Amino acid sequence: MTQVIVTVMPKQGVLDPQGQAVAGALGQLGFDGVGEVRIGKRIELSIAGDDPAGQARAMCEQLLANALIEDYTVEVGA
Amino acid sequence: MTQVIVTVMPKQGVLDPQGQAVAGALGQLGFDGVGEVRIGKRIELSIAGDDPAGQARAMCEQLLANALIEDYTVEVGA
Amino acid sequence: MSTTVAVLRFPGTLDHDSAVRAVEGLGATAVEAWHADAALPAGTDAVLLPGGFSYGDHLRCGAIASRAPIMGAVRRHAEAGGRVVGICNGFQVLCEAGLLPGALRRNSTLSFVCRQMELEVADDETPWTPGLETGAVISIPIKNNEGAWYGDAGTARVVLRYRDNLLGSTDAVAGVANAAGNVMGLMPHPEEACDALLGSTDGQIVLAGLIA
Amino acid sequence: MSDVPLHRQLGLTDDEAALIPELLGREPTDPELVMFSLMWSEHCSYKHSKPLLRGFPTTGARVLQGPGENAGVVDVGDGIAVALKIESHNHPSAVEPFEGAATGVGGIVRDIIAMGARPIALLDSLRFGELTSARSRHLFTRAVAGIGHYGNCIGVPTVGGEVSFDDRYEESCLVNAMCVGILGPGGILRAAAQGPGNALVLFGNKTGRDGIGGASVLASAELDEAEDKRPSVQVSDPFTERKLMDCCRELAESGTLVALQDLGAAGLTSAASEMAAKGGVGLDIDLDLVPLRETLAPAEILVSESQERMLAVVLPEKLEEMIAVCRRWDLDATAIGSVTEGENLVARSGGAVVVDLPARLLADDAPVYEVPRVPAPTGTPLDLATIPEPADLAAAWADLLARPNIASKRWIYERYDHLVGANTIRRPGGDAAVVRLPGSDRAIALTTDCAERHCEIDPRGGGRASVLEAARNLACVGARPVAATDCLNFPNPEKGSTGWRLAESIAGMAEALTALDVPVVSGNVSLYNESATRSILPTPVVGMMGLLERADSSVGHAFADAGDVVLLVGDDGVLDASEYAASPGGALPDVDVSREVAAIELVLRAAEEGLLRSAHDVSGGGLAVALAECAMAGGIGATARVDSGRRDDEVMFGEGGGRMLVTLAAGDVERFQGLADPSVRVRRLGEVGGDAIVMRVGATEVTLPVERAREAYERGLPEALA
Ligand SMILES: Nc1ncnc2c1ncn2[C@@H]1O[C@H](COP(=O)(O)OP(=O)(O)O)[C@@H](O)[C@H]1O
Ligand SMILES: [Mg+2]
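Residue numbers (the working numbering), protein chains in the order written: chain A, 1 to 78; chain B, 1001 to 1078; chain C, 2001 to 2212; chain D, 3001 to 3722.
Bear in mind the hints are in silico, worked out from the structure with no lab data behind them.
Everything numeric in this text was worked out from a predicted model, so none of it was measured.
One should not assume that every hint holds.
Stated by the list, open to error - Derived list of chain B stretches under chain C, where covered just means 3 residues or more per stretch with a C-beta under 8 Å from a C-beta of chain C: (1) 1021-1030; (2) 1053-1066.
Unchecked claim - Here are the simulated lysine to any residue pairs, SDA-like style, with alpha carbons at most 20 Å apart: (3) B/1041 to A/23; (4) B/1011 to A/73; (5) A/41 to C/2106; (6) B/1011 to C/2106; (7) A/11 to B/1011; (8) D/3409 to C/2150; (9) A/41 to B/1070; (10) B/1011 to C/2168; (11) A/11 to B/1073; (12) A/41 to A/61; (13) B/1011 to C/2110; (14) A/41 to A/23; (15) B/1041 to A/73; (16) A/41 to B/1073; (17) D/3409 to D/3633.
Cβ coordinates follow ideal geometry from the N, Cα and C atoms, glycine included.
Just chain A, with the same shape it has in the complex (with noise of 0.2 Å):
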């Protein structure tokens, strides 16, 4: 089993209320400093076989990711 780890984030340019309501809450709580916040998910999954990355590749194109909206990446761990 290989450790893979998929990051999904809203695209550039993709409205992405959740970041903006985050970076709201983060000032009114006094943290004066923080400019973008964009939120996206991360996902670890353990997958057996030759090709890991390929195969998580896939399943963003799938399942994971929505190519309309969002980018991902895949990085292939321990």
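Assemble chains B, C and D with the ligands onto chain A, guided by the hints.
Showing chains B, C and D with the ligands alone in chain A's frame:
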């Protein structure tokens, strides 16, 4: 501005129904070799000031993570 | 003198008006408490945190609202023994604020669920279950996406349990109180069950706890 | 691509492109050409449907605002006015079902907000391909999730709707959403800009590159082309919409606004040109003042379809107060221009004028086209010999109850908050939802309906049937129909018999609406719902509102007490175009509008006199399914005898005939019959009681235990989606 990445994951031992559902859905799509799936959040912030990592940890303690059910890590980027 | 209930309003609060109507239906006076204020309205006897999607439910349900300025005043009110009830999102806010034990997580159905539910009284000594005995059943609707309570059911003061644990709560918990019993939260919506025309008046039993 | 002239890339015909310089007296600038292309699209201009829509009745004593504004408004008595409208978001939902359906809900809600009303109910009318298709399952489940997400987050209950599944929606699904709202003490707000010198304020979300090109490309081209435009998908932000709702309510009630308009298709271009054209004034906008999420060109700012934005006209002395209210709700609000004398819409960028033209050219002067009206051949009646008669009618009955088109829609409506606001008296699952009007003893009833299979083989009859079914659904809860809104979903009207079907459907709807004395107060048209290989069925969805003088007098469809008498009102059904036969084609008997209206009147009178223990419209699956639905809802069976010289399955499962199933206390039957017009057929079928539904058809007896019916009915949809 320093780019900081906060990762918030469900605590080990706390059930992750969403991760389970995704594991099931991947199986149905024909991805056989998938073991455990865990889903958490990736929060990208740009933070001004001397101690972006310390700031980010304070944000996690005060807002970004719920210690009862979640663990967090902070990573300072470029 | 009728009881004055402060009904909180955050951006994204949805049930403010129905909660006000339910409170007034019990003969109490309802006043709005605004999230950005640091104090509860003068004369507040009890506090109601209504349901909704405060701050869009972003990050975690109730998390951002639990840090709003008004919550300091709610905490002081609770610590002084004042009555506080949180409904649905209000329950999530009270857990996030640490005024109630546990946390609310994604339903095990992985979907939003709107359904009339039967609830069993688990503790008949709280102010929120007057006239009911342990084991009595009341009917109140749920409507939520993140309504599965997670926590230590052994130490928490469980007030209400689902007869059908649809959402996957620890120990079927539907509502809990703090140890003293003056603060309580529940996922079902008693304010939606205060009128026979809408199918149930059992919500009035729970909300009567606001009226000392 | 580059050798295609710009106007064609934008979707304008050569003739339309030639007309623009004629109207303008000069060549348009590029931003102007883009604006024309969007405003002259079918979606914004109704250029193929406008002449046909004139056939609808639109006036009546209760009508405070008919078609032409953001929504229609109806007086429901007790000093209460209600706004209603239905709208499609079909193409965006086919591209990205979750966000497409969600933003569809957001759009219709803003139409209601723009009238100065507070939204109190939503309904959704859906059409998808058969659930045996993985793609249709995906589109359907994601669209339902999107509708639920938006409605649940903004706190407006989704109290009803409808869905059906048919192959012909496989490539072009339909997502229509209807919203109803209550006017506040401030009365109706309108979109007409007024008062030169007044400020123009944009508020809500910031403007980004969302949906650019959406209006023309997503809403009027065929899907194959739309798929290339994917990056322009709009993302929904219901949290901001809720703040807009609360903020606009405060603004409307305090009388702070001169005019209000939502930003929908074609964004600022459409909102500004319509406000100016309606008010007969000009508007001068400085694009540099528009709050942006990212860098945009002037033309992009003008046509961006970023969601959750509104445009208001405000008196200069109220500007500061208005902006303060928006700030309190944590919303951006910016004065971006002002009302001017004249009639021109002017837009500036970097100090230069980039747009300067009469607003009416965009808003009112699109060319109008007559659609070709090529009649389709009349169908031949279904040959029953082609349909094998089942050996086990009880099994066939249970199977029918489990078909997704008939089965319980619980899987859908439990994903929607149908209670928020604490006014929902009758929840989804019955004939129509009943919603209390706060501060009054009255209630309204709401339904959406469409007889699309009927419309395909007989569009005029199908148009009548769609309206009459909606009215029956209202009558069955005891509500008198008072107003309608409609969404005409059709394929390309320039091809084949579609134009004829569109015209015929409208004529049939108009005829039934007139007979019921129900005006159409708002509506929407969605054409070009087809792919290279498949076209949708003609789908004119009717949203109808009824009124109950007393909120506590509504009637449900659940059988009540053993011994109650079961009566059938209306004529016989047939298997042509039925769910049971499931074969396309056929020919249907004429819909006799006056008889069906008389039957509706009978049930209404009986409800008003308090005679009804239950009432239920007989629709998909026919009499057998209607009986089972009443039995399941009441947890009690019934016996029903129907004598007929026809085939057993036709008697049990035939559809149509304008039928309703009612139950009464035995002592009330005579009074009920006394209320009936002689033209209306009323048959006594049997009694409520027992734990099975027993149908005696001639010499055949078919028994279905209520629990077996329930198992099939509740299993159908979840199983089809598993
Ligand atoms: N898409 C939907 N959204 C919400 N409610 C729905 C939907 N589809 C069906 N329902 C509800 O399920 C019930 C049955 O619907 P339907 O079978 O279409 O009724 P009918 O055939 O009597 O018009 C109604 O109460 C309706 O409002
Ligand atoms: Mg039906």
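**OP:** For the pair we were handed, residue 11 of chain A and residue 1011 of chain B, check the Cα-Cα distance against 20 Å.
**Re:** Roughly 28 Å separates the two Cα atoms, so the pair is violated.
Original post:
Keeping to a limit of 20 Å between CA atoms, is the pair of residue 1011 of chain B and residue 2110 of chain C held or broken?
Top reply: This hinted pair holds, its Cα atoms lying about 19 Å apart.
**OP:** Assess, step by step, whether the Cα of residue 41 of chain A is no farther than 20 Å from the Cα of residue 1073 of chain B, and give holds or violated.
**Re:** Between residue 41 of chain A and residue 1073 of chain B the Cα gap is close to 14 Å, so the pair holds against 20 Å.
Original post:
Within 20 Å, alpha carbon to alpha carbon, are residue 1011 of chain B and residue 2106 of chain C?
Top reply: Roughly 14 Å separates the two Cα atoms, so the pair holds.
Original post:
Does the alpha-carbon distance linking residue 41 of chain A and residue 61 of chain A stay inside the 20 Å limit?
Top reply: Judged against 20 Å, a Cα distance of about 15 Å means the pair holds.
Original post:
Checking C-beta pairs, does the region 1053-1066 of chain B have three or more residues closer than 8 Å to chain C?
Top reply: holds (count 4)
Original post:
Does the alpha-carbon distance linking residue 11 of chain A and residue 1073 of chain B stay inside the 20 Å limit?
Top reply: violated (23 Å)
**OP:** Tell me if chain C covers the region 1021-1030 of chain B under the three-residue, 8 Å CB rule, please?
**Re:** The restraint on the region 1021-1030 of chain B is violated, since only 1 of its residues have a Cβ under 8 Å from chain C and three are required.
Original post:
Would the pair residue 1041 of chain B and residue 73 of chain A pass a check requiring their Cα atoms to be no farther apart than 20 Å?
Top reply: holds (14 Å)
Subject >> Pair hint outcome, residue 41 of chain A versus residue 1070 of chain B [Cα-Cα no greater than 20 Å] >> reply: holds (14 Å)
Original post:
Given the hint that residue 1011 of chain B pairs with residue 2168 of chain C, does the C-alpha gap stay at or below 20 Å?
Top reply: Measuring from Cα to Cα gives roughly 18 Å; hence the hint holds.
**OP:** Decide if the proposed pair is consistent with the structure: residue 1041 of chain B and residue 23 of chain A, CA atoms, cutoff 20 Å inclusive.
**Re:** The hint holds at about 15 Å.
Checked against the numbered hints above, the structure violates hints 1, 4, 7, 8 and 11; every other hint is satisfied.
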